[in-house]
Amino acid sequence: MLLSVVIFLPVVAAGMLLAFPALSNRAASWLWVIVAAIDLALIVGMWAGFASNSAAAPSGIVDGIAYEVKIRWIPTVDASYHVGVDGLSLPLIAVTAVLFLAAAIWSLREQKRPRSYAALFLFLQTASIGTFAALDLILFFVFFDLSIVGMYFVIAGWGHGNRRRSALKFFIYTFVGSLALLVGFIGLFLGSENRTFDMVALAANPPLIDSPLAAGLVLLAICIGLAVKTPLFPFHTWLPDAHTDAPAAGSAILAGVLLKLGTYGFVRIAMPMLPDAWQRWAMIIVIAGVVSVLWGAFTALAQTDVKRMIAYTSVNHMGYILLGLGAAGLVAQADEQARAIAVTGAMVQMVSHALLTGSLFLLTGVLFSRGGTYAFDRWGGLARPAPIFAAALGVAAFGSLGLPGLSAFIAEFQIFTGSLQAAPVATVIAVTGIVITAGLFLVALQRLLSGKTQVPNPAEEPANRATNGRHAGVVSPAEPTETGQQPARRDRNVTTAVDDDTVSQATFKDLHGRELVATVPLLVLSIMIGLFPRPLLDVIEPAAAALSSLAGR
Amino acid sequence: MTGMEAMSANPLDLLPEILLLFGAVAGLLLGLWTPRGRQARVRTVIVVAALGSALAAAIDLAQPDKAVFDDSWMIDTTTGVVRITVALATATAVLLASSWLSGHPRETEAYVLMMLAALGAIALAASNDLLMLAASYLLASIPLYALAGFAKDSRGVEATLKYYLMGALVGVLMLVGIAALMLAAGTGNYRELAAALPQAPTPLVALGIIGVLAGMAFKAGAVPVHFWVPDVTAGTTPVMAAFITTIPKLGAVAAAFRLVAEPFAQVSLDVPLLVAVIAAASMTLGNLAAFQQTEVLRLLAYSTVSQVGYMFMVVAVAGHSVYTVPALSIYLAAYAVTNLGAFAAASALPKAGQIEQWANGVRWRPWLVLSLTVVLLGLVGTPPTAVFVGKLAIFTATADGNLIWLFVLAAVNTIASLFYYLRWIAPAARAAFAGSDRQAGTDSTSVPVLAAPAVTVHATAIASVLLGIGAGLWLAVIA
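Protein chains in written order, with the numbering used here: chain A, 1 to 553; chain B, 1 to 479.
Source of the hints: derived by calculation from the structure; they are not laboratory data.
Remember, predicted model here, so these are calculated numbers, not experimental data.
If a hint is listed, it holds; no wrong ones were tucked in.
Label pairs and their in silico Cβ distance ranges:
#, chain 1, residue 1, chain 2, residue 2, range
1, B, K152, A, K112, 46 to 52 Å
2, B, L175, A, M16, 56 to 62 Å
3, B, F291, A, M528, 48 to 54 Å
4, B, L51, A, F20, 32 to 38 Å
The beta-carbon is built from N, C-alpha and C at its ideal position, and this holds for glycine as well.
Using the sequences and the accompanying hints, generate a full structural model.
Right, dumping it as structure tokens:
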């Protein structure tokens, strides 16, 4: 019951926001913050309850599920409203609530239709938490699809640059993915002995054991669906566009939460339900992961736009997750313990990436709100006027490149440790990805923070002109496709390059108020996980062990 | 089937149909003595009769399946579903049509024709005999010819003529088919046909099956006899298009389902393949044609053609999967609700033919845009709307019936359909966003928005979501 409240509280609040137009915009924004905070508080309570009970029930996925509710929905196909949490979903539900609270605080000053904005994000929160909590394939699909619809409107309605095209691209790619997923789900249903969509029953008694061809095809459909969402090379092309043109809070949610729906699908659905096929194709999964690692890293290196760069590092980070999960399927090459470590690493990586990339996207939002562009060459020397911003960006970037002491290190270290035995060559190649990411983050920090202070004037940026000068409902043909991608063409006089400290402090305001409150807790959480990972690992490890043994059947 | 004892000629078995007929006759008589300004009372009679018919059908569901009137009329789950959905959809369509018909010189006549066409649709679904089917075909067709040209404008008259000529042609084809089948089997009764057709000469049976299925495909608006759909939909008024593209389809698909499941089940020809090809062609060609449309009504017309494709999927696997009857039940209801909603959205702004005009007209109506989004994404099959559950059930049934290629093609088509529905949603959402940016309503070019259709859009959007969430309940009621 508590879990259902956690899932549906945000959408009920969204309905209230729409139903009472008398509510002022400011009140709407604050209501959003309050609801997000209540939801997080409830989840913290759930975590406490789960952690105190988990000693008795040592696993997850097929048993040891807490806060379980099952109500029959469509009995003819045995689909039900079945939700619950275990060691796999609880950390992701918690980090989802954290990120949505951060997005709410970040958006307190939203000027553009704040009420609808808040309602959409609350709707998205229900969809995201619902997906993580779902224990029925159809319910999972319902929430999964709703998250796409919600994010489409966030990008189309509140983005910048070429937002409509990006939103459409996002919608169509992920919708294609979700249809592939649905095809796979129907395959699982028809292949199961008792004809059910129930995830727990399917994981306990995996379908299609005796028909490897069908199992392979079903796995292919599910993997395509999840790979689009994750995204993995070569299905990642929607990601940079969607991220670049989404509003800062939308980007943080997209990277922090929605990408996890894809990776979570692998651990919740693909691995335990098709263990046989997963083992057979594990090497392909590992290779897909490694290719994504390298592709994401190298493409990120080539970007001239901060936000696009961070978007590509997401492809890179998701690649590590797939490497770990694929390695967990290589039963012949590795012992159970190593595979469990790889899965644990992958799970921690999901949480860590949510926190770090979420904060990185919020911080780039600071750049856009101050200067109206993300282009590297328009910015410089920001450490001097904005030390707090520089420090926060530094921590997030170092965390993202895997510095020990932050959460990503815990995750990536475990992934590599767990995978080395199973896929040594792939793991060694993937480690080089770390080196490239380290390089690109250092270059990015250097470009933005050091050197001569350089702050663009937002009014002169083409991206902003397009947004501000836009007539309602009319597409401006002059809207540039990729904001700030062609520095050579731009007039250099626009930039206000200054050496004098007093002037530059006036032009670039440091992190303050809501920006600080939204980003710093994410970084603090990441550091806490990096320094004291035990509480998180205590929840994840039993479930990871259960998963690797289920996938090793 | 318990044989002869189950057959009866109790008129009460036909209570839902009798109520519809009573509503039509009472409405007509009442209308004759009612001044033009007060025709609303006729509407009340008609709607009450339709609701009563649905209620009677719902109560009748509790009884076991039975064939009545010399085995010519089958009352089972399929019939029950069609009875309920047609009656409720007709009531909705009458209320929707009142936005245009109110004060019209021939208002009563329109309502009466709608009731008769609804009766024809139910008769199609319930027919258990080829001759009954032929009669039902006529009853379901002729009122619609009149309704299509009801406005008496040039576009409407042209559409009617096309509709009528095509209907007559296909009708002849169907009669030839029925004659061939009766010649081959010596009977028109479905149960006896099922036993006799496997031994009958194949060419005769093939001719018969093609003719009869052509008739059903025409009523449903499936490829290759779909040419009337866009012309009639765009030529008539939006409220009439809502009725014409919704109600007869329900009966025709159910009739085709019954035919394939029973008399054609054992024949040596591959009937499921033929139906599967019709389904595949309908959904694919409907989608491809819809991409090009800039007119709201033409876009919806092709959308209904592709929707028929999904419905025929379940006809293709009739009798080959345990999931077909639930799938058909949920999809028919879901389609009726959602399609009425989409056409109601078009009727709300009857002056706005083009999508852009429509979008501009709803600039200050974010709620209408929200409901439109729910309805159109519902037609795509986005959860948790009713069509999603229907599609899920149909896809499952098709895969279970081993038509894997059709299942995959339908999934691909679902993705394709997203494009043209988004072509309507996106400008509308953009206009609504822009409208809320600029608070004051200073635009002088705004198109008036009619109240009754707008309410229908909201109601169907809510119903679509409720039916999706309550799908289990609906299936429990009809099972």
